[in-house]
Every structure is written in C-alpha cells, then in structure tokens.
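Engineer: Take a look at the letters that make up each chain.
There are 2 protein chains.
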Amino acid sequence: MDTDYNNATVVGGGVIGISWAALFLAHGLHVTITDPEPGIEPLVRAGLAEVAPTLSALGLPTSDLTDRTDALRFEPDLALAVADADVVQENGPERADLKQQLWAQIEDAAPRDALFASSSSGIPATTIAAGMRQPERLLIGHPFNPPHLVPLVEIVPGERTSPEVVRQAVDFYQAMGKQPQVLNKEIGGFVANRLQSALFREAVHLVAIGVVTEQELDDIVTSSIGMRWAVAGPFQTFHLGGGPGGLPDFLVHLGKQLEASWSGLGSPTFDDATVALLSEQAANFGGTVEELAAERDAKEIALMRALDELPNHVQKESIR
Amino acid sequence: MDTDYNNATVVGGGVIGISWAALFLAHGLHVTITDPEPGIEPLVRAGLAEVAPTLSALGLPTSDLTDRTDALRFEPDLALAVADADVVQENGPERADLKQQLWAQIEDAAPRDALFASSSSGIPATTIAAGMRQPERLLIGHPFNPPHLVPLVEIVPGERTSPEVVRQAVDFYQAMGKQPQVLNKEIGGFVANRLQSALFREAVHLVAIGVVTEQELDDIVTSSIGMRWAVAGPFQTFHLGGGPGGLPDFLVHLGKQLEASWSGLGSPTFDDATVALLSEQAANFGGTVEELAAERDAKEIALMRALDELPNHVQKESIR
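From first to last, the protein sequence lines are chains Y and W. Residue 309 in this note's numbering is what sits at position 309 of the first sequence, and the numbering runs on without skipping anything. Count along the second sequence from 1, add 1000, and you get the number used in this note's numbering.
Don't read these hints as lab results, they were simulated from the structure. One or more hints might be untrue.
In silico EDC-like links for lysine to aspartate or glutamate, alpha-carbon gap of 20 Å or less [what the hints assert, rightly or not]:
1) Y:Lys-185 / W:Glu-1290
2) Y:Lys-256 / W:Glu-1280
3) Y:Lys-256 / W:Asp-1219
4) Y:Lys-256 / W:Asp-1272
Quick list of simulated restraints, FRET-style, between CB atoms [unchecked claim]:
5) Y:Thr-69 / W:Ser-1267: 46 to 56 Å
6) W:Ala-1071 / Y:Ser-267: 33 to 43 Å
7) Y:Asn-145 / W:Asp-1077: 56 to 66 Å
8) Y:Gln-257 / W:Gly-1210: 21 to 31 Å
9) Y:Gly-287 / W:Asp-1113: 33 to 43 Å
10) Y:Asp-77 / W:Gly-1188: 28 to 38 Å
11) Y:Lys-185 / W:Thr-1269: 15 to 25 Å
12) W:Gly-1210 / Y:Arg-95: 27 to 37 Å
13) W:Gly-1210 / Y:Arg-112: 30 to 40 Å
14) W:Asp-1070 / Y:Asn-145: 53 to 63 Å
Idealized CB from N, CA, C, for every residue including glycine.
Chain Y extracted, bound-state conformation:
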C-alpha cells in the first residue's frame, strides 16, 4: 500500500458494505465493520466468501476475506468503530435524516484527518453534511454495483467540501484500483445512474409495446451499443461517427434530426400490466440469478483483462 490509509471503517454490513470491505481487505487494509444488527458477522463473512473468487480472479489476495485474520473486526458501537479510522465509508440506509445522524456521530468520534465518504446513490453531500461542524470533510464516494468489480467511483463533493478532501479521495480510490471520477456539480442520481435510467426508460417502453422481448433487447444492446460504450463513451462514439470532422460535423448534420427523435421516445409507467409483463419475461433469462451473476462477472473479468482495465498492480504483477 502506497497510501496513508491503513484502517478503514465500513459503516453498514449490507451488500454494498460487504463489497467495499472485500475490496479494502484485498488491498491490505485493516477493516472494521460497524452495524447495529446483532447477527451481522456471519452474514458479512458469508458475503466476503462469496465475493472472494471474483477478487482472486482479478489477481488480488483474498485470505483476509476467507480466513479469520486480524485484518477484519466487527464493532457494533459506531463511535468505537471509527475511533482509529483513516477512512470511513458509510453505507447506511438511503434516508437523509439517518445519514445526518450517522455523520454527526462519526464526526465526533473519528480522528481529525480521517477521510469521510458516503456511498449514497442519491442524497447529495451538502444535505448529509448540513448538520456537521466540518462539512468540508464529507463527500460522496458512490460506487457502481458491485463495488469490488466495477471500476467507477463517482466522487461528488458537497457545496462546502474542500478541494483537498476531493484530492485525497481520488488518491484513495485509485489506490484501491478504482477509476474515480469527480463531478463538477451536485445533481440527483449523479451521472451513471441518470444515464442508465434514461436508457432503461426507453427499454421498458419498447418491451411494453411489444417491439422486442427483454432478452431480445438485451441481446441487441450487448451486440451493439454495449460493446461500443465499453471501449468508447457516447460522445466519442458520435465523434467517430461523424467522419473526419468528428462531433462538430455530426452535430451540424444530424443534431436537429437527433433532437427531433427525442420527442418520439416513450414515456412508460410501471403500471400493473407493465410490471406483470416485465416480471414474466424475466423468467426466461435461462438460469438462476446466482448463475447468471456468476456468468456475467466471469465475462466482466475477461473484458477487463482484454481492455487492460485491471488495477495497475495486478496488470504488472500477475496478469501480463
């Protein structure tokens, strides 16, 4: 580890908390998990064991995930849990009042130079930090599910977050093998989920009106825009689709046409009939959720290897 972060406290032992804990452990950190739920330890340990093969396939050491080592401890008392933390990653319920309470306590009990990040997928740091004495210390470090595998972490500073804290967070997540991206403005849903939501809206529309089934739409995506956007984002895709003049030419020639097409996009709702149709077709994916997830993660790892998107040290030491 080439950072100053040795002790990470993960607040909340749910799916996201487990995934962060796994990632931190695999990068050599000591991890404290704090969760008021009494029976949390066996659930977390089972979750870590489930995640271990994926991190192992990424070339990371996983003995601290599967064996009982002193790298992992459980501390139900929040104040005690953060007392020695170099970084606190909070994954509490997605409610502003609860997050505000958590961070008021964390701020009181944690070391003065600890890095503070919330995994919140929607509540902005400005709101969460409203009652903090030092709101400049908090930012959003929003992972894309599952955090131990997908490279993106959206770093969303609040109105009062200090630039130095943003810089520290970028360094920290990079040291964890992630690809952090700092947003320049707070916006509900941040970027990746907003984009996903926009596409999914049209996907629901096309299935609801019977143009394609869910499986057919998924096959269309993986064999076209999905594989495109895995290697070049939407702007570069149109930049490269506009001839030698790139995006500016593309916008001149096709911008108005594209804009006109937007008004024809669907506005579906999740009424009973739509939910029933979508739920029914989900039975046809050809495997249990666990089987399909394992298959997807294996493909994801193959893709990451192919595109050299593995964490740097893994590329250098184990794979190449």
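Once you have looked at the hints, place chain W on chain Y.
Structural biologist: Below, chain W alone, put in the same frame as chain Y:
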C-alpha cells in the same frame, strides 16, 4: 460458405455500402457494387483497403479487399448490377421516395428468389415497399456502424414481409458472422438507435449544465454501464441487481422510484450555445478521428475475442 448466397449486390458505394461489401467479400461472396457516381471505384477500393486490417484481425481473409480479383466488380447500371444477385443490400440515400424508386427497379431486374434488404436506419420496410409488386420480399437489414465489425443487424420486417424471407435473412446474416435480431413490430429508429438516442439526450443535458465534460462522461460510461452492457443488457443488469428475486423484486422495490427519476431527466436542445460547447470539448479527445477510431476498433476486437463473440468459424479455426 454454407449458404446459397454467392452473388451479393451492394447498392450504394458510401461508407455503409463499403463496409457491407468488405464483409461479404471476406466471407467469400462475389460482390457487385452499383452506384451512379462516376468516380466511385477508387473511393470504394480505398475504403476496402482501409477496412481490410480490421477484418484481418478478426481472422477473415482479405485478399479480395486489397487485390484486384474477379470477386469484386462495379456496375453503374442498377438493372444490370442486380441481374444475377442472390442478395441485394441497398444503402441508398435516407429518403423514402428515392428508396421506393430503387426498389421498384431492383424488383424488376433481380432474380425471383433474390433476398432483398435495405440498410435504412429509419424508413420502415412497409413504406419502402409501398410501390412494389412483391412487398413480401423486402425487409430492413439495419447494421450498426461499422457493419463489418459490430455484430448486430436489426431485421425489421414490413407489414407484408413474408416469414420465410425473415428466416432467410437471419440465416444469411448469421452466415456473414453477424448477430441478427428480428424486431416484432416496425418502429421509427428501431431499437438500438432509440436506446442510444435516449441515453445521449441525458448525456447532452449533463454536459450542457456543467456536471461533467464530454470526456468525463465518456470515462464514466466506459468504466460502469458500458462494460456492464457489453456482457449483460439493461434488463439482466437490473435482474441481477434485485437480489435472488431478480427483476420482479427490483420492480417492486425500486420501480416507482425509477419512474419518479424519469421526470427529472433533462430535455436539452441543440441550440447554438450547446452546439458550441459540445464542439469545443470534442477537441479534447486526444487524437485525430482516424487515430481514435483505430484505437477503438482495436479495443473492440480485443473485447470481442475476450467474450467469444467472434464469428463462429473464426473462433474455431484461428483464435482458440
């Protein structure tokens, strides 16, 4: 070649026509290119030479693309060009009246059992075939750019297209190493471009209001939803994000929240300020369009190899 297709006529020698011609040649077909433009031959030959390395990297033979063989001929007269065709792939201008004229002529001059496909990206087969004596013969075979590389071909039958012709088209494109997907209903823009358009709309919004730059948004996509959708489409992604209960549970727990988020998505327009901003940022992609396209295609091929999405015979013979 394990099909009945030996002679392909490509109508229109532009970028899409060249790409189809390259793919057909690389799969052993004899290709006739017909285009009224007098100086088309050198342009097409230059285009084929440019595309050859990509097809070669995919493991396909490319001597008919780079050398002067009898596999490729140019015939400006449309009727003569289709006289011996087993398949006609039309890439005329995206105007209904012009396509209707082309197909009236093709229908008169082509053999009775030739397969008829239009590359149209938006005009439905029903419209194009309105004046045909045998509208049951025409369908849309819409590629995703560039056709020689991206697996998807959207097959969109018109209201009167015969099921047998649809089946033939699926077989033909599969023999060309593609992943055809038949749409169950005609809809403007088909599926992939509608989904792309929906996401791009929100992408433009987020850049226009300054949340991220184009490059930052592209980086967010490639490191999250892009790599996800390369291996599992949007429905499977949420199916696997809903716990063991899959998509049905996801819709119960998060459907209404997702629906609510749709109303907060942006409605940008390509006004002068937005076009100027988008065009300006496109200068920061770090390379010429040609360089970036070559880099993207190389990554795409690496990804296709990693995911076993190469044409079947290539997997069997050259790569694995």
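Engineer: Decide, hint by hint, whether the structure agrees.
Structural biologist: Hint by hint, here is what the structure shows:
no.: 1; hint: Y:Lys-185 / W:Glu-1290; result: violated (33 Å)
no.: 2; hint: Y:Lys-256 / W:Glu-1280; result: holds (18 Å)
no.: 3; hint: Y:Lys-256 / W:Asp-1219; result: violated (26 Å)
no.: 4; hint: Y:Lys-256 / W:Asp-1272; result: holds (12 Å)
no.: 5; hint: Y:Thr-69 / W:Ser-1267: 46 to 56 Å; result: holds (53 Å)
no.: 6; hint: W:Ala-1071 / Y:Ser-267: 33 to 43 Å; result: violated (50 Å)
no.: 7; hint: Y:Asn-145 / W:Asp-1077: 56 to 66 Å; result: holds (58 Å)
no.: 8; hint: Y:Gln-257 / W:Gly-1210: 21 to 31 Å; result: holds (26 Å)
no.: 9; hint: Y:Gly-287 / W:Asp-1113: 33 to 43 Å; result: holds (40 Å)
no.: 10; hint: Y:Asp-77 / W:Gly-1188: 28 to 38 Å; result: violated (60 Å)
no.: 11; hint: Y:Lys-185 / W:Thr-1269: 15 to 25 Å; result: holds (20 Å)
no.: 12; hint: W:Gly-1210 / Y:Arg-95: 27 to 37 Å; result: holds (29 Å)
no.: 13; hint: W:Gly-1210 / Y:Arg-112: 30 to 40 Å; result: holds (33 Å)
no.: 14; hint: W:Asp-1070 / Y:Asn-145: 53 to 63 Å; result: holds (55 Å)
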